[in-house]
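> So you can see what is in the structure, the chains are spelled out below.
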Amino acid sequence: MKKDTSHINSLENEAIYIMREVAAQFEKPVLLFSGGKDSITLVRLAVKAFYPAKVPFPLMHIDTGHNFPETIEFRDRLCKELGLELIVRNVQDSINEGKVKEESGRYASRNMLQTTTLLDALEEFKFDAAIGGARRDEEKARAKERIFSVRDDFGQWDEKNQRPELFDMLNGDIDHGQNVRVFPISNWTELDVWSFIERETIEIPSIYFAHKRRVFLRDGMIWSAEDGIVYRDDNEEVIEEMVRFRTVGDMSCTAAVLSEASTIIKVVEEIRDSTISERGARIDDKRSESAMEKRKQQGYF
Amino acid sequence: MEVLKIATAGSVDDGKSTLIGRILYDTKSLTTDKLEAIEKTSKQRGYDYLDFSLATDGLVAEREQGITIDVAHIYFSTKKKSYIIADTPGHVEYTRNMVTGASTSQASIILIDARKGVIEQTNRHFFINNLLRIKDVVVAINKMDLVDYSEDIYNKIKADFSELMSKRDYQDQKITFIPVSALKGDNVVNKSDKMPWYKGDALLEHLEQLDKADIFNVGTPRFPVQYVIRPKTEDFHDYRGYAGKVYGGDLSVGDDIMVLPSKTRSKIKAIYFYDEKYETASRRSSVTITLENDINVSRGDMIVKEGDSPTIDKQFTANVCWMDSDQLTAGGKYIVQHGINKVLAKVDRINHKINPDYSGFEKDVTGLAINDIASVTFKLNKPIFYDQFKDHRTNGSFILIDPQSNNTVGAGFIQ
Chain A
1 MKKDTSHINS
11 LENEAIYIMR
21 EVAAQFEKPV
31 LLFSGGKDSI
41 TLVRLAVKAF
51 YPAKVPFPLM
61 HIDTGHNFPE
71 TIEFRDRLCK
81 ELGLELIVRN
91 VQDSINEGKV
101 KEESGRYASR
111 NMLQTTTLLD
121 ALEEFKFDAA
131 IGGARRDEEK
141 ARAKERIFSV
151 RDDFGQWDEK
161 NQRPELFDML
171 NGDIDHGQNV
181 RVFPISNWTE
191 LDVWSFIERE
201 TIEIPSIYFA
211 HKRRVFLRDG
221 MIWSAEDGIV
231 YRDDNEEVIE
241 EMVRFRTVGD
251 MSCTAAVLSE
261 ASTIIKVVEE
271 IRDSTISERG
281 ARIDDKRSES
291 AMEKRKQQGY
301 F
Chain B
1 MEVLKIATAG
11 SVDDGKSTLI
21 GRILYDTKSL
31 TTDKLEAIEK
41 TSKQRGYDYL
51 DFSLATDGLV
61 AEREQGITID
71 VAHIYFSTKK
81 KSYIIADTPG
91 HVEYTRNMVT
101 GASTSQASII
111 LIDARKGVIE
121 QTNRHFFINN
131 LLRIKDVVVA
141 INKMDLVDYS
151 EDIYNKIKAD
161 FSELMSKRDY
171 QDQKITFIPV
181 SALKGDNVVN
191 KSDKMPWYKG
201 DALLEHLEQL
211 DKADIFNVGT
221 PRFPVQYVIR
231 PKTEDFHDYR
241 GYAGKVYGGD
251 LSVGDDIMVL
261 PSKTRSKIKA
271 IYFYDEKYET
281 ASRRSSVTIT
291 LENDINVSRG
301 DMIVKEGDSP
311 TIDKQFTANV
321 CWMDSDQLTA
331 GGKYIVQHGI
341 NKVLAKVDRI
351 NHKINPDYSG
361 FEKDVTGLAI
371 NDIASVTFKL
381 NKPIFYDQFK
391 DHRTNGSFIL
401 IDPQSNNTVG
411 AGFIQ
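First to last, the sequence lines map onto chains A and B.
Quick note on numbering: the first sequence equals residues 1 to 301 in our numbering.
Quick note on numbering: the second sequence equals residues 1 to 415 in our numbering.
Here chain A stands alone, though its shape is the one from the complex (with noise of 0.2 angstroms):
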């Protein structure tokens, strides 16, 4: 059977609209690279859009620190073989600099804390314009972002004060001092994602894919047991389990879920068949309603 993806090539031909504008209308952009899915997309999407000329701006990553250590490789390998320029920024500094410290108790994560060491990195460097990853259909606050979403000098969202944004035309005028977070794949879904990524047949980190874990079980949900990172208590008992992750971010705020899909074809099949959206499991999204929100405002992501 011939796959029909014209879907999926409206929502390219969208996102190699978007990232051109980028280059043309800001002076010194960015990509945010987080090693995960929709970050690897962002990449691809970025090299055809300059094809052949190098893609013209670098990526960064705000390491926590907590990251899964098969994405560390996997973003080095990927930089060295595309020969991307990649800054990274590490929350510890953050930390040693006394900027923010440190969350304790049985739920501490550094997802708050990258926040800050993003707003220092976009400063350090000066970037007028920041390309992420986030989708409008991951999580309801997200569905109201804009595709330029303007940032005031402390890096903040005002969500009730955004430009309308018509037909194709994006407006990138900003004030000395501000900045933008572009989202070129707002329109696209997680299913839409994980076809892409088949389609192109690009690698991703393997921990997408079903694989022995050392887990253990809190809330309903399956935690990675990293010793010294996720803490533990005593009668959290930990096991070994078949999972893959549905989304990547630090290992102190994703849960794992159980799956035996090893492939890129099986994965699309399990979501395609899934009742739990992807940010269920998030555990940073747990917090409260409007946790998201809330971060956004702060200038997360």
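Just so you know, the hints here were simulated from the structure itself, not pulled from any lab data.
All the given hints hold, so there is nothing to weed out.
Simulated restraints, written as ranges between beta carbons of each label pair:
{"id": "1", "chain 1": "A", "residue 1": "217", "chain 2": "B", "residue 2": "252", "range": "58 to 66 angstroms"}
{"id": "2", "chain 1": "B", "residue 1": "403", "chain 2": "A", "residue 2": "233", "range": "55 to 63 angstroms"}
{"id": "3", "chain 1": "A", "residue 1": "88", "chain 2": "B", "residue 2": "269", "range": "35 to 43 angstroms"}
{"id": "4", "chain 1": "B", "residue 1": "146", "chain 2": "A", "residue 2": "92", "range": "55 to 63 angstroms"}
{"id": "5", "chain 1": "A", "residue 1": "203", "chain 2": "B", "residue 2": "349", "range": "53 to 61 angstroms"}
{"id": "6", "chain 1": "B", "residue 1": "146", "chain 2": "A", "residue 2": "70", "range": "53 to 61 angstroms"}
All residues carry an ideal CB built from backbone N, CA and C; glycine is no exception.
Please arrange chain B on chain A, whose structure you already have, making use of the hints.
Same frame as chain A, now just chain B:
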């Protein structure tokens, strides 16, 4: 699979968010965790039914006030189509968001509360849908459960609405009336047995049957150059590619073209998408084009077929929808962003204000307030290459930017 973008319009409490929530629920597009969150919150608030609007109202202020403030995009798919719904706010002051949502949609749903009938807001919603030349409009008469599923009430509203239709400018717009109850699920995804007098389709059945109503399939090819690709590498030493998106119609290798504004003539040598060559670039595709001659082309220039030039002028008249709290005034200076081109513009004159409730025009207007719609003539500091909006959706529209605040303060449709 097709993609259908739909905008929704309705006044506060007409039940837009509930309707969308209902569609998501009945098409089994709500995942278990999202559904559980809705059940939990509905129960907390003491409702005896599930409040589906909780699925789409994403901001704290929206949930507190129970209204939609900003456009939310909702995604779901059936076996036949992929849908993107722009859930747009009903408040008068948020009309700008409605224009925004409608600007990228192929179809729209206007909601009417069966108890209230056609109100001033309905006129405005219909006016905007007609102004933006949305091809298919569904008038969903909601809350039929609260009027005992009365055929008389449905017919009365239909008659009132038909009166509006006679006044519309874009007469070819297709309009379909459907009586629904979003709360109870009547005629939304499934046909209701409560209204045997209604012989038409349920809302989703209707949407499923819409032809690929491609709003962009009008006019002739326009190729605004977005970015010049010059790799300057050994393998691509003399390569000079023009990257952009094709609008209106297709472009093919060998086509005789003209570059605007210089009117230099050339031929299309090759069309690339990434590392593959194509004979034809179809509309809406983001390609890179090379030309036979080594001519000077830069961002903002436009490639068109020879003998098919748009209007090239330093002046134009347009219907403007004003979106800013500061007034637009005669003599005021703005940036016109037409496609990717930005030029300085001055308001030459406000010709007349158009009352969006179809009550006529207002002459001698000195300024436009937020949500006003008016015919405005602009003078530009350099020419743009435009078509009329009725002939070319993309090349006939623009946005206005305030050079002081950098904000997008208006949208216009060239006459």
